[in-house]
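From first to last, the protein sequence lines are chains A and B.
Reminder that position 289 of the first sequence reads as 289 in the UniProt record's numbering, one-by-one numbering, no gaps.
Reminder that position 158 of the second sequence reads as 158 in the UniProt record's numbering, one-by-one numbering, no gaps.
Keep in mind the hints are simulated off the structure, nothing from the lab.
All residues carry an ideal CB built from backbone N, CA and C; glycine is no exception.
Honestly, I wouldn't trust all of these hints.
According to the in silico footprint, chain A covers these stretches of chain B (three or more CB under 8 Å from chain A) [unchecked claim]:
id: 1; stretch: 32-44
id: 2; stretch: 48-57
id: 3; stretch: 261-267
Chain A stretches covered by chain B per the calculated footprint, using a threshold of three residues with CB under 8 Å from any CB of chain B [what the hints assert, rightly or not]:
id: 4; stretch: 171-177
id: 5; stretch: 275-282
Given next are the chains, with one letter for each unit.
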Amino acid sequence: MTDTAWEMLSNRAVATAGILYFLALLAHLVEWSTMRKVPVEVAAGATSGTTSGTTAAGGVLVDLGPTAPTAAEERDADRIALFGRLGLILTGLGVAAHFVALVGRGMAADPNRVPWGNMYEFTLSGVFLVAALYLAFYKKFALAWLSLSVTTFVVAMLMVDVIWLYGPVAPLTEALNSPWLVIHVISACIATGAFTLGGMTSVLFLLKERQLAKGKQPRGWMARVPAPARLDLVAYRMHAFAFPVWTFAVLITGPIWAHQAWSSYWNWDPKEVWAFITWVVYAAYLHARSTAGWKGRNAAILALVGTATLWFNFIGINYFSTTSQHSYAAPAPVVQVAPGSGSVGV
Amino acid sequence: MTATVEPSAPETRHPDRRPGELTFRELLRFAWRQLTSMRTALILLLLLALAAVPGSVIPQEGVDSLKTGNWKDAHPTLTPIYEKLDLFDVYGSVWFAAVYILLMVSLVGCIVPRLFVYWRAARAVPPAAPRNLSRMPDHETYRTDESPEEVLARARAVLARKGYRLRPAAEGDDAVSAERGYLREAGNLVFHLSVLIVLAGFAIGGMFGFKGGVIVIQGDTFSNNLTQYDDFVPGSLFRASQLNPFSFRVDDFNIEWLTSGPRQGMARGFEAPLSYRTSPDAPEQTYDLRVNHPLSIGGTDVFLIGHGYAPVITIRDGEGNVVYSRATPFLPADASFLSFGVVKAPDALPEGIGLEGLLYPTYASVDGNPFNVMGDDKNPVLSMRVYTGDLNMDNGSPQSVYVLDKSKATMLEKKDGKPYRLDLALGQTVALPNGLGTVSFDDITPWVRIQMSQTPGKMVALTGVVLALVGLVGSLFLRPRRVWVRARRMDDGDPGGSGDSGGSGHAGPPGTLVEVAALDRSGGGDVAPVLASIVSAVRGGSAPTAEETS
Chain A
1 MTDTAWEMLS NRAVATAGIL YFLALLAHLV EWSTMRKVPV EVAAGATSGT TSGTTAAGGV
61 LVDLGPTAPT AAEERDADRI ALFGRLGLIL TGLGVAAHFV ALVGRGMAAD PNRVPWGNMY
121 EFTLSGVFLV AALYLAFYKK FALAWLSLSV TTFVVAMLMV DVIWLYGPVA PLTEALNSPW
181 LVIHVISACI ATGAFTLGGM TSVLFLLKER QLAKGKQPRG WMARVPAPAR LDLVAYRMHA
241 FAFPVWTFAV LITGPIWAHQ AWSSYWNWDP KEVWAFITWV VYAAYLHARS TAGWKGRNAA
301 ILALVGTATL WFNFIGINYF STTSQHSYAA PAPVVQVAPG SGSVGV
Chain B
1 MTATVEPSAP ETRHPDRRPG ELTFRELLRF AWRQLTSMRT ALILLLLLAL AAVPGSVIPQ
61 EGVDSLKTGN WKDAHPTLTP IYEKLDLFDV YGSVWFAAVY ILLMVSLVGC IVPRLFVYWR
121 AARAVPPAAP RNLSRMPDHE TYRTDESPEE VLARARAVLA RKGYRLRPAA EGDDAVSAER
181 GYLREAGNLV FHLSVLIVLA GFAIGGMFGF KGGVIVIQGD TFSNNLTQYD DFVPGSLFRA
241 SQLNPFSFRV DDFNIEWLTS GPRQGMARGF EAPLSYRTSP DAPEQTYDLR VNHPLSIGGT
301 DVFLIGHGYA PVITIRDGEG NVVYSRATPF LPADASFLSF GVVKAPDALP EGIGLEGLLY
361 PTYASVDGNP FNVMGDDKNP VLSMRVYTGD LNMDNGSPQS VYVLDKSKAT MLEKKDGKPY
421 RLDLALGQTV ALPNGLGTVS FDDITPWVRI QMSQTPGKMV ALTGVVLALV GLVGSLFLRP
481 RRVWVRARRM DDGDPGGSGD SGGSGHAGPP GTLVEVAALD RSGGGDVAPV LASIVSAVRG
541 GSAPTAEETS
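Looking at chain B on its own, in the form it has when it is part of the complex (with noise of 0.2 Å):
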């Protein structure tokens, strides 16, 4: 299959071309030969294997925005490179569909034409017998007293049982031609066009699919439509209308910590029992959400896949009004659960009030310095600094939940100039200085992070590689091999007879000389037993030669 420039070119068109000059429609069919040939393929996957590795060692938007926003921002040199090369977004980057596309269009141009040689191979008879079987790499040979139609005819029997495909018999025969194994190519091409049906069902969840997670404390009900999520990732041809009208609301959160042994501290059997309803007017449902056990509402799936605490923490401003009461989700920063959390009561009269700081589900102090235990809200304590002033929430643009505003605000510090931290125990309400208000920590309620997906063609794509991995084991499995046996009478002074009977000793009565040989064309066969096999069932039947009885 490699390309070659067909030296022959058409001077009778082009009298004034020098040799070697070629015509823009030779040029394309060059290029497109060299890029559909085998070794273009070759390369062009070691590329796409490649082109992958970037993209594990730079951290991606799409798989993981906190760290790669860590990463920017402690890589300021790098990061402008790397933006324009799309490092950070490496498998939907324009160099990674280049290598993808070319190997696809690779893989149909070297495809179709083969579904049309398979098309035709596979009514072809197999061919007639090469005349020197004893050139073959593996072939016995044998004598019998038998006549060559009798051993012909055995031949074509056992052969037609062993599933070959024989040559029809034709007048003057002396040998059977047999093939089988036609299977094998039509594994191959069931495997390259299964990839095709499997990158199709990839590209349908990419562009019609989204991916959008929300943190729903316990208690609170989410109704799927737009505005209700935290974060949202659309394909590039989703509809909101496909948004699912369904709604949910998080009755519990069950989790069991480790209290004991080497995971001490790790938690599991996480359960969120939720109400649900497919849409507003259905009847409600129940469903246990658990880790491995989504919740399919239409095509929508539901996971559980974080959990964390919402302290419940109310403000009074220095005038006594409840400025702030809600319960708060305070994000995990560690594996222990120690969390990081921001409270804006931007209304509070005399000042405006903003609380950032952590959460200890389990606080304790070692040596004076504050130290969170484990994951389990056994003694919850937060620990906040305090900032008063313009939390600048009014100049329109969107603000997170997670991050206060600084820029207007000031820090309150203690006379020596030291940070004021607001330390709460659950239950606690403590006031701050300069008659700002009172902080409450009145209670501390789970919350889980749930994600919703809609991944349309996923079951095009498992197909594709269902058909693809049976396609595969047939191109690798089966076997083709092309089997002939050649019979003919011995005359005497036959040069032939030191097969494997050996037994020549005398002049005797001319038997017939058997020559069987095998060959494997899929380059991964081992036909030796193969051919034992076959001559010892075509010798089977036949009574011993009268030398070797005698």
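Chain A with its partners taken away, still in its complex shape (with noise of 0.2 Å):
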């Protein structure tokens, strides 16, 4: 094949995962409005057994209620349950065409490279291994509760980076030219998709914990959302899982890359000075789920504010700041050079 058909492939396929993460999306777009007509005694019933601890209710609703379902129920309890699993296996589907999008940037390049020159590129496959972990964690954490907002999630960031940060298939810029590209952005990537996935959790988390606050019932999808202590414990693991990853590719990784590429391990580029912030800020909320009075609420909303810069920094200091030898917007030359500094007399 040649590098044109290769980056022809590459666009086809991320055009096909976008259609599929949509398709995805009406799925479960339709089995949870589906569940808002399930009866409330119903869905509570389902939630009701799950404490701390014990298994999620994240299951597939099934007539557990205290009365007896009718027929209509029932039939809207198979609705649910195929639309949940269809919109699973969409999902699926987009990712293995996400991934065709990110070998074929790989091999449209000259020489063969990784598919991460670019913000396009880095991007792809920061949205790639939300989806991915996603997936790879459904089965442990029985994360059905999270569809919606990973869909979501996914079709958004890929319609973003599709629309404005699309750059052609080009070769790298000379500092990356390096070995430590494929595990510094690999790890930031994997750190960043747990990341996120823990950050849709507090959400929810934060959404259900202020419903069960205000002594309602939760109706509806709410209903299926597990209860608080459980979401806390999943959100954790995902924050305590994606951690050390982060602390792997920003304070190891990038340093002894920078140091090779830059001559000095930190150079407290605008890049470096927000993973180190986003590390400091999700440190923060591994001490709050520990210390009392930050538990749970508070906890939960430093996790947001750590999903919010590290999505900044992701894109946003790209556009904040022209000196960061992180943005590959344009090429450029390696450094400049400042005049003035040298300051020998003639």
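Mind assembling these two chains? They're in different frames, but the hints should get you there.
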């Protein structure tokens, strides 16, 4: 295959992945909107058995309700199960197409390379890992309740990526041409994916907790979201997985590579500063979870602050600061020399 | 860990004190407790994150001095305020240091007492089983025909095999206590102490290291001593004797320009073959210096971080003497390598000559306007303005080679009053008006910008971060938990027995009631599956009860 063919394949695969994710989103929308019709008792019956530490109420909604379900309710339950499974399968297919897109980007370049050369490719990879980690954790944490958030996020970010961040396949800039690119970027992307999933869980935690605090009986789809304690635990697990990976990416491989490429292992480059800020905020989150008065709500808010700094750092800082050595927007000389710094008389 | 003031003030010593009044010692103790509390640590962490923000929006002196200078020129009112607040050097400022030093003090104050606590706890035996195991959030109960002794013996074996520490059996015990995950706290402590190691490594680098840059024209030699550097940023405790006595010559500079594709005009494959000696008497060695492939000589790392062009310019003055003839580095002004430079010939007669202007590596004229096509030197053209008179170079103060002092010089103008522009293609010689002399553009050579640095303590910092990561993984993934197994012979009328096995259909022979409970002590564990696996292991060996088989 020629490079152009690979590039076209990649672009088509991105479009395919986008459509599949969108269909998955639609399927989950049908699934969740059907859930609204399910009577509160049936829904509540499904969740009331869930306490902290026991298995999640993420399973398919079945007729556990105290009252015998009517035929219509049974039909709805079938429908919920059907569309839930459909959404999951479509997400899986989307992830596969997404993977093809990434491979295509790498193969389209001359010489072939890892698909991490510009913001378009970084974002493509970051979003891929959000979806892939969602699937990876799906069974372990029974993540059915996260399906709508994940598909919405993935569709939205892919659109942002394709519309605003797209850049044609190009060779790597010189500084990126290093084995550390692979290890640094992949760990940063994995951490980003897991942190993002943790952030989504924290949002659901805050919503659910607020609803319960108001003394309302959870209705509709909210009833299907696990109890706050369980959400808190799942969010913690995701963050606890992501934090060491982020530490590895940002504080070990980053500095080692920076030392090789830029002569100094820590340059206070805006991207580095924000990676550090993200690290500190997540460190604060982990602390908050074991501090009286900060558990639960405040910790979840800190996790969201962390998600915000993470994505601001991923994309936003490039538009804020032009000096960043991490902004791969335009080809630039390796490093510009500051005139006037040489104060040697002639 | 929240600090509270003890209300029980020793009234005997201070009978005249009002309630709530603190002695100086108590105040200190109060302050220390506040500082080392977890809540304070948390707030300091958030403060650290917040304090780091301005440095990413305001240009930093130490990161990009050129941009900082431009910013200062553009904001004359804000600059003095920002300077007072150290906002151009956030990460070296007192207030930033205050935050992280407080954080470190808080960390030490928190960690040291915990070290002692851990020292004791790590050798402690698991606590005795609580009286009512069924009150634990995670517990299971079942009945069996085995004797309590058999059950407890198997429970001990199962838990020991799973790596639990057991409370030594005592006479009359009806329960087994087990605990595991002692290393979690060790990981936690290692992580926190490693942060101090990282900070120490960082500080060593900042104090004893240096960073210096120099532009070396192809074919020139650099000897490592202070006078040779264009810019040099030493740490506060740096000594010139730390400089390794090496020297190197830039033999060549190779570059590959992309002439097609989306990155057209971008360069790659920079390579500067060097010949170097580690000391004046050492044999000459060679090294291909490339981006991402620094050369280490002694403790000094040598990096290729930039490149540009140095046109070879010759000036003959009005009397025909060569007053200037050398390769003059021009500094790239944009991504196309349109470069800016200055030529100074103060000793020319009848008047000193200064040139200031641009180098177009690949010149093209678009509608009469000069335009630089790309960075490759395919059609280099110089376009400069000419200044004559005193270039103010004799007043003793050092002058930058990239700045022309025009305060006493006059710009050459055409008859119509427009500035005179000296345009020179490679190989051309142009005579200046008024018999000032001639300027030739003889040749063009590349230069490379080499950065040299010593970063002592980098291995300390790296070791610290790796240790921190190991500690972190331990503190996040080791799950300390306690497990208790209690087995009691059931007498008639025992209220128990309504456990999972459930089959209390008839009075039968009284069996043994087994209660198993597990407690997660990490705040992030899910003990239900752990409990289930222990119960099945403890039960697994036992033959089904008579009730179940019948």
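The hints, checked one at a time:
1. 32-44: holds (count 4)
2. 48-57: Contact hint for the stretch 48-57 of chain B vs chain A: holds, 7 residues under 8 Å.
3. 261-267: n = 6 at 8 Å, threshold three: holds.
4. 171-177: holds (count 6)
5. 275-282: Contact hint for the stretch 275-282 of chain A vs chain B: holds, 4 residues under 8 Å.
The structure is consistent with each of the numbered hints, conforming to all of them.
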